[in-house]
Amino acid sequence: MIGLSHYLIVSAILFSIGLMGVLRRRNLLMLFFATEVMLNAVNIAFAAISHYYNDLTGQMFAFFIIAIAASEVAVGLGILIVLYKKHGSLDLDDLATMRG
Amino acid sequence: MDNILSVLIFFPAIAGLLGFVVDKKSARAYGITVAAIEFLLSLWLWFSFDTGNAGMQFVEMIPLIPDFGVNYYLGVDGISLFIILMTTLMTLIGMVSMSIEKDVKNMIITLLFLEMTMVGVFVALDAIVFYLFWELSLVPMLYIVGAWGGPLRVYAAIKFFLYTFMGSLVMLVGMLFVAYVYHSLTGVWSFAITDWYALVLPVNYQLWLFAAFFLGFAIKVPMFPFHTWLPYAHGQAPTIGSVILAAVLLKMGTYGFVRFSLPMFPDASVMMITPIAVLSIIMIIYTAMVAYAQKDMKQVIAYSSVSHMGIIMIGIFAMNSEGIGGSVFQMLSHGIVSGALFMLVGIIYDRRHTKLMSEFGGLAAVMPKYAVIFGIMLMASVGLPLTIGFVGEFLVLLGFYEISPVMTILAGTSIILGAVYMLSVFKKSFFGPVTKEENKNLKDLTAKETWSLVPLVAIVIWLGVYPKPVLDPINKSVNAMLVFMEEKAITAEAKDIIKVPQSATTVGEVK
Amino acid sequence: MEGLVYIALFAPFASSLFAALFGMSERKIFVGVVASVLLAISFVASAMLAFYVYGTGHAVHVTMMDWINAGDLRIPFGFVVDQVSVTMMTVVTLVSTIVHIYSIGYMDHDKSFNRFFSYLSAFVFSMMVLVMSDNFAGLFIGWEGVGVCSWLLVGFWYHKPDVSREENPSISPSWAANEAFIMNRIADLGMLIGLFILYWNVGSLQYDEVFAAVPFLDGTVLNAAALALFIGAMGKSAQFPLHTWLTDAMEGPTPVSALIHAATMVTAGVFLVIRANPLFSLTPEVSYFIAALGTFVAFFAASMALVNRDLKRIIAFSTLSQLGYMFAAAGLGAYWIALFHLAAHAFFKALLFLGAGNVMHAMHDELDIFKMGGLKKVMKWTYLYMGIASLALAGIPFFAGFFSKDAIIETAWNEGTIVLWAILVVTAGMTAFYSFRQVFLTFEGDERYKQYGIHPHEMYRYVLIAMSPLAVLAVVAGFGMEGFEHFVTKLLPDYHMSEHTHHIAWILGLVVLVFAVGGIALAYKKYYHGLKRDEKLENSWYYKLLANQYYIPVLYEEFISKPYAMISDAMWNKVDMKIVDATVDGIAKFLYKTGDETRKMQTGNLSNYLNWMAVGAVLFLVVAAISAAAIG
Amino acid sequence: MYEAIAFYLFSALTIGLFLITVMSKNVLYAMTSLAAGMVLISGFFFILGADFLGVVQLIVYVGAVMALYSFAMMFFDATRDIKEKNTPASLVFLLGGLSALVLVLMFAGPIHSEAIQALYPMHEGVGNAQDVGIVLFTKYLVPFEVAAVMLLVAMIAGIILAGKKMDQSLTKDTSVDDEDEILKQKDAK
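Protein chains in written order, with the numbering used here: chain H, 433 to 532; chain Y, 57 to 567; chain R, 120 to 751; chain E, 312 to 500.
The following block holds chain H by itself, in its conformation from the complex (with noise of 0.2 Å):
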C-alpha cells in the first residue's frame, strides 16, 4: 500500500535534484528549469498530505504555488531576455557584477 511517506519521500528526491541542479548550473535558464522541478516537488508533498489528511488547505497551497511559479516565469524570463541582450550570455559567471 503506498503511504504519504512515500510520497514525501518521491517530494524529497524530487527536491534534492532540483536543489542539485541549482548548485550545480551556471547557466540562469537551467537554473530556472531547475526552480521548476523544485517547486513541483514541493507540490507533490502538498497533494499527498492534502489528499492523506482529507484537506483541502494543501492543494490551495499547491495552486497558490503555480501561480507564483507562473508569474515568476513570467518576469523572470522577461528579465533574461534584456540580460542577455545587454551581455550577450546567461552564464552566471559573467554577470558577476556584485562583487563586495
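It should be emphasised that the hints constitute simulated quantities derived from the structure, not laboratory data. Owing to the predicted nature of the structure, the values given are computational and were not obtained by experimental measurement. We put the beta carbon where it would ideally sit given N, CA and C, even for glycine. Some hints here could point you the wrong way.
[Said to hold, decoys possible] Here are the simulated DSS-like pairs of lysine-lysine, each with C-alpha atoms no more than 25 Å apart in a straight line: (1) R/K499 - R/K569; (2) R/K655 - R/K495; (3) R/K693 - Y/K484; (4) Y/K483 - R/K230; (5) R/K490 - R/K645; (6) Y/K492 - R/K279; (7) Y/K158 - Y/K81; (8) R/K230 - Y/K351; (9) Y/K425 - R/K147; (10) Y/K158 - Y/K555; (11) Y/K555 - Y/K544; (12) R/K712 - Y/K484; (13) Y/K483 - R/K279; (14) H/K518 - E/K396; (15) R/K230 - Y/K492; (16) R/K681 - Y/K351; (17) R/K719 - E/K336; (18) Y/K484 - R/K569; (19) R/K655 - Y/K496; (20) R/K655 - R/K644; (21) H/K517 - E/K450; (22) E/K394 - E/K450; (23) E/K450 - H/K518; (24) R/K230 - Y/K496; (25) R/K279 - Y/K484; (26) Y/K351 - R/K697; (27) Y/K504 - Y/K351; (28) R/K569 - R/K693; (29) E/K396 - H/K517.
[Said to hold, decoys possible] Every beta carbon over 12 Å from chain R, so not counted as near; a handful from chain Y, in silico: (30) K161; (31) G202; (32) Y348; (33) A514.
[Said to hold, decoys possible] Looking from chain H toward chain R, a few residues come up when the C-beta cut is under 8 Å (computed): (34) L451; (35) R458; (36) L515; (37) L524; (38) L527.
Keeping the supplied structure of chain H fixed, place chains Y, R and E upon it in accordance with the hints.
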C-alpha cells in the same frame, strides 16, 4: 518636593541642553553652578531622608508601557542615597578642578548628561529604567575618553564601550527572563525591582540568572579577569574622566550586585560565594602586584582601584550586615579617595605633562601642600584608621571572616600590598632629592586646586572619625535586605549563611 | 576626672594641630615651646589621674561617642584609665615631654622644625589613644596611628637619596620609613585577624566584655586569637622575624628614636600582651612561645649589638633585646614585672638615646663609635647621663634596670624554664659588655675624632636639665618596685616567686651580677684605653655574620623584595598584558578576522551565493532532523 | 494495486526525467524532459484525487510555462550545447545527497498525525473541483484575488521586458549615450 528624584535626574540633563546656548567663555561657570545646585538638591534629599525608614523613599511611579509593566519607578534607600550624594559631589568637584582647555563647553554638557545617567542608575527601581540609564552612561563616557583622551584614546574608548556593553546585553537578557518568569508565575508583567524581590525562584533559575547579571556587573566592577579595559580607559581618559569613572561608574557594578543579585537570587549568591571570593582575592592580590610594577603614576592608581573593588566585592558576598554595610561604605570611600588621587595625578600631569614616576622625585620639598594632601589620600587608600578608607575595609574583612578565615587572611594582604605599592609611589615621587631640573620650580597647588581637594580631605577625615551619619542609614537598609533574603532563601545552606544581625531581628528595640 | 582624661588625651593633639598650622613656615621656637607646654599639661593630667587611680583604686572610664556601628558591631571611642593604662600614660607623657623639650635644642638647625613638632605630638596623641582605649578597635587606631607617625618621623629627612647597603645599611630615611610601615602592616594583618576572631566569638571588641567571655571560649579559638594578636605585637615590638625595621628606623632624628623606637611605640606590643593578659594566661602554649621567642630575641639582638659600630644601632639592638626580656616576662605570666621593666626601660633607654643624640649633635651627625673616643672632656654631663643609663641597662644593683631585669630572670628560674633562664643570664652579660663598649669607645680613650676635623661641644644647658628627670628615674625607679607591684596588681594577676626561688633569690641575683660585672670588666679591658682593632677578629666569619645582622636584611631583599618586584613585573607584562588582555583583544581580533574572512563569500557571483544558501539550508535541515530525533 | 504500480512508475519516470533536466547540457533536451516530468507530476495529482490541481498543472505548466520557455529559447541559441563551468560535482552531490538523505530519513519515520485536524475537509460524494471552488472562493478569496493581480502584473512585466523595442536596452540610459556622442562630436571639433 515629592518628585525630588526626577528633579535630580533631569535637572542636569535639561541644564545640559540649555548649555548649548550658553556662551563659550561662561560655560565653565555655568557648569559649576548647575553641578552645585544639583549637589545642594542631593543634600536636601539627605536632610529630608527619613533615617528611621529602611525601605524605599521618595518613590515616584509613572506607567511607561503599562501592558508590559514597565514603569518610570524611582526611589532611594540608605544604600543608594549616599552613592547619589557622592555622584553629585564628585561631579561638582571634578568640574571645579577641571583643567581642560579644549572644548570646555562640550565637556560641561557631556558631564551634565553623564550626571543624569549616573543619578538615574542609582535611583531607578524599574529594571528597564535602570538598564536604560546604565547603557546611556556609556555614551558620555565614551565621548569623554574618545574626544579628550590621550594618544590611544580611540582604542581605549572602543574597548571600554564594547566590553561593558557586551556584559550588559547579557544582563538585559537576564532581566527579560526574570520579567518573563514573573509573568508566568503571577500573570502580571512587571519590571519593578521591588516586585521581583518577592519572587522566589528555583535554584537552577537563580544560578543562570545570577550568571547573566554577574557578567553585566562584573565587567563594570571590573572583576578579574574582566578588568583590562580599565587601565586603558584610565590611562587615556582626561583627569575628569578618570575621576568620574573611578568614583562613580565602577560603583554601578557593585551597586548592581547589592541591588539585584543578592536580594533576587539569595541561594545562588550563597552558592557563588566561594568562586566570587576566589576571583576577588585574585583581583586583590594580583592587581596589587601589577600596580606595584607600574611606572606610570596614573596606572598605579588605576590598578589600585581594581584591587580595592575586590575588597568591595568580597564584602558584598560576606552575606552579613557588617560585610555588606562595609562594602557600601567602601564604595563611597573608594569613590572619594580614588577620585581625589586621580585629581592629584592630574595636577602633576598638568604641570609636567608626564605621569612617569621616574620623572619626579623629591616633590615633597617643592610642593609641600600637594604632598600633604597626596599623603592623606594615600593613607586613606591604604586604610588607615580615622580615615574613610579604614571603616569600609575593616568592616568588609570583619564580615568576610565569618565566611572564611583563610580567605580573609588572603584578602587582608591588601592592607600590606596596598601599602607596598602606595608607599613606593610616594617614595619614588615625593621623597629623595629633587633630581630633575624641571621639577625644581614647580608651582604648589593653586587656589582652584586647593579648593577642590580640601572638601575631599575634610570628608575623608570626617567620615573616618564619625561615619555614623552615613553608616546608620546604610546599615538599616542592609539589615532589612538581609531579613528578607533570609526569609526568601530556599536552601538550608543559604538560610544558614545569610546572617541577620540580632539588632535587626528584634523589632522596635532601640539601642 | 573625665576632664582630666580628655586633657591628657587631647593636649598632644592640640599641640600637633598647633604645630601643623606652622608646618610649612619658617622655624619658630615658640612652636616647640607651646608643644612642650601642652605635652607637659598632658603629663600633669596623667600624673593626676595616676594619683587618683592610686588613691581610689577605681578606674576612670569614659565613652566619648560612637565610632562604627554596623550589624551587631558597636565600637565607641571609649577610654579607660586604669592601673595599666595610667602607668603607660604617665611614662609616655613624661618621656614625650622631655623629648619635646630636648627636640627644641636638637632640631634647632632644621628648617622643618615646626613640622617635626607636629609629627611628634601627633605620635604622642596616637600613643595615648593606643594605651587609653577601652576596646581593641581603639587600640588598633592608636596602633596604626603610631605606625604612620613613625613612618613620617623616620622619613623626616626624606630628601636624602638612596645609597647602597654597604654605605648605609638602612639605604635612606624614606626607604627605612617604608620598610617600617610595611613590616608593621604585615603584623597588623595578624592583629586584625585577632580582632575578627574575638569579635565573631565574643560579639564585642570591648576589653571588659571580651575578657569576661574568654574563659568560656574554646581552646583552639583562644590559641588562634592569642597567636594572631601576638603577631600584631611582634610587628610593633620588632620581634624576630619582623625585627629589621627597628634598626633601620634609626634613620629618623634621634629624639624620634628615643621616644618612638625605644621608650614608647615599640613597647606597644608588650603593652598589648599585658593588656590582654586574661586571654594570654588562658593559652599557656602561646604564652610559652612568647616567652621563648622573647628570650631568643633578647639573645639574638644582643649578639648583633656586640660588634656594631653605629652608636644608635647599638642602642636599637639593645632595645630589641630588652623587648625580648619584656616578652619573656609577659609570656611567663609575670605581667606586672613586664610592665615594670617596660617603664624602667623607657626611662633609661630614652636617656641613653638622648645622650646619643647629644653626641651626634656634637659630632655633626657622625655615628661611628670608632671615630669618637675621649669625648668625656667636652661632654661630661652627657657622659654622666649615658653612664647612668648604661649602668641601669646593664643591671648594676640599685639602678632601675637591676630590679626589673633581675625579676625577669628570676621568673624564668621560678617557672622552671632553665634554658630560658640561662640564655637570659648570658644575655645580661652581653648587655653589660656592649653597653660599656659603646660608652668607653665614645667617651674614653684616645680622641679619634680629631683626625676627622670635628669640634665637639656640649649640648645646650636647658636640654641637659630637661634630661635630668630621666637620669634621676633611671637611678631611683627601681625602688618603687614594691609600690608599683601593689598598684598594678589590682588589675593584673599578681606574680610571686615560689618559696624555694625566694630562698635562693640572692644566689640568682649574684649570678646575674657576676655576668653583668664580667661584661663591664671585659669592655673596660678591651676599650677603656682606646680602640685597638683586631684585624683577625674583624675578618672572622662570625664577626661578619654579626656585623651584617646575620645577613637577614640581605636575605629579605634577595628572597622577598626582589622576587616580589620581579613577579609583579611578570604579572603585569606577562600575565596581564600577554594573557588576560591578549585574550580580550584576541576575541575582538577573532571577530574582526572572521568578518574579514567571511567577507570573501561576497563574490558577487550568484552561483556561489546559491551554493552558500544550499549549505545553510542543508545545515538547518540537519539541525531540524537532529532536534526532531531528540524530541521524538 | 494499480495505484502502487502507477506510483512507482511515475516516481521512476519523474526522477529520471528531472535528472536529465538537471544534468543535460542541451537546453532542448532539458526543456523537453522537464515538460515530460511535469506531465507525469500531474499524474501524481490524479492518483491523489486532486483532479482539479492535476488539470491546472497540465494547463499552466505544460501549457503556459513550457510555451513561455520555448518562446524564450528562441532568443537564445538553443541548439548549441551550453558551455558552463559547473560547480564541482563533489560539492553538488554532497549537498544534494545530504539533503535527500536527511529529508528521506525524516519522511521515512513514523508520522504522528493524531493532533492534525482538517481545516477544510473534503466532502464525500462531492467532486474535487467543486470542493476546491468552494474553498477557493470563500476562505481564500482574498489571496486568490491577490494572486490574480500578481499574475496580471507579471504578465505586464513580461510584456514590457520582452516586448516592445526589444532591440533597445532598457538598462542603458540612451540620453546619456546621446550626450556622450555630443561630447565626442564637440571633442572632434
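Results for each hint:
Distance restraint check for R/K499 and R/K569: the Cα-Cα separation of roughly 18 Å lies within the 25 Å cut-off, and the hinted pair is therefore satisfied. Straight-line distance between C-alpha atoms of R/K655 and R/K495 comes to about 30 Å, which puts the hinted pair past the 25 Å bound. With a C-alpha separation of about 24 Å, the suggested pairing of R/K693 with Y/K484 holds against the 25 Å cut-off. Proposed proximity of Y/K483 and R/K230 is supported: the alpha carbons are some 21 Å apart, at most 25 Å.
Distance restraint check for R/K490 and R/K645: the Cα-Cα separation of roughly 16 Å lies within the 25 Å cut-off, and the hinted pair is therefore satisfied. A C-alpha spacing of about 15 Å is found between Y/K492 and R/K279, which places the hinted pair at or below 25 Å, so the restraint holds. Restraint check for Y/K158 and Y/K81: satisfied, since their Cα atoms lie roughly 12 Å apart, inside the 25 Å limit. Proposed proximity of R/K230 and Y/K351 is contradicted: the alpha carbons are some 32 Å apart, above 25 Å.
Only pairs whose Cα atoms come within 25 Å are accepted, and Y/K425 paired with R/K147 is accepted, the gap being roughly 19 Å. Distance check on the hinted pair: Y/K158 and Y/K555 sit about 52 Å apart at the alpha-carbon level, beyond 25 Å; violated. For a cut-off of 25 Å, the pair hint linking Y/K555 to Y/K544 stands: about 13 Å separates their Cα positions. For a cut-off of 25 Å, the pair hint linking R/K712 to Y/K484 is broken: about 43 Å separates their Cα positions.
Our distance criterion of 25 Å between C-alpha atoms is met by Y/K483 and R/K279, whose separation comes to about 11 Å. For the suggested pair H/K518 and E/K396, the alpha carbons sit about 21 Å apart, so the restraint of at most 25 Å is met. Straight-line distance between C-alpha atoms of R/K230 and Y/K492 comes to about 22 Å, which keeps the hinted pair within the 25 Å bound. Annotation: proposed proximity of R/K681 to Y/K351 holds, straight-line Cα distance about 16 Å (limit 25 Å).
For the proposed pair R/K719 and E/K336, the alpha carbon gap of about 30 Å is over 25 Å, so the pair is violated. With a C-alpha separation of about 38 Å, the suggested pair Y/K484 and R/K569 falls outside the 25 Å cut-off, and the hint is violated. Distance hint between R/K655 and Y/K496 is unfulfilled; the C-alpha atoms sit about 49 Å from each other, more than 25 Å. Simply put, R/K655 and R/K644 have alpha-carbon atoms about 18 Å apart, close enough for the 25 Å limit, and the pair holds.
Only pairs whose Cα atoms come within 25 Å are accepted, and H/K517 paired with E/K450 is rejected, the gap being roughly 44 Å. The suggested pairing of E/K394 with E/K450 is violated, with an alpha-carbon distance near 48 Å, which exceeds 25 Å. A C-alpha spacing of about 45 Å is found between E/K450 and H/K518, which places the hinted pair above 25 Å, so the restraint is violated. A hinted pair counts as satisfied when its Cα atoms are at most 25 Å apart, and R/K230 with Y/K496 qualifies at roughly 18 Å.
For the given pair, R/K279 sits about 12 Å from Y/K484 by alpha-carbon distance, which is consistent with the 25 Å threshold. Pair hint Y/K351 plus R/K697 holds up; C-alpha atoms about 18 Å apart against a cutoff of 25 Å. Restraint check for Y/K504 and Y/K351: not satisfied, since their Cα atoms lie roughly 28 Å apart, outside the 25 Å limit. Proposed proximity of R/K569 and R/K693 is contradicted: the alpha carbons are some 57 Å apart, above 25 Å.
Straight-line distance between C-alpha atoms of E/K396 and H/K517 comes to about 21 Å, which keeps the hinted pair within the 25 Å bound. The Cβ of Y/K161 sits about 34 Å from the closest Cβ of chain R, beyond the 12 Å cut-off, so the non-interface label holds. The claim that Y/G202 is not at the interface with chain R holds, since no C-beta of that chain comes within 12 Å of its own (minimum 17 Å). Y/Y348, annotated as away from the interface, has a beta carbon of chain R within 12 Å; the closest lies near 4 Å.
Its beta-carbon lying about 14 Å from the closest one in chain R, Y/A514 satisfies the requirement of being farther than 12 Å from that chain. With its C-beta approaching chain R no nearer than about 6 Å, H/L451 sits inside the 8 Å limit, and its interface hint holds. Because the closest C-beta pair between H/R458 and chain R is about 5 Å apart, less than 8 Å, the hint holds. The closest approach between the C-beta of H/L515 and any C-beta of chain R is roughly 11 Å, which is over the 8 Å cut-off, so the hint fails.
With its C-beta approaching chain R no nearer than about 4 Å, H/L524 sits inside the 8 Å limit, and its interface hint holds. At about 7 Å, the closest approach between the beta carbon of H/L527 and any beta carbon in chain R falls short of 8 Å, and the interface hint on this residue holds.
Comparing the model with each numbered hint stated earlier shows that hints 2, 8, 10, 12, 17, 18, 19, 21, 22, 23, 27, 28, 32, 36 do not hold.
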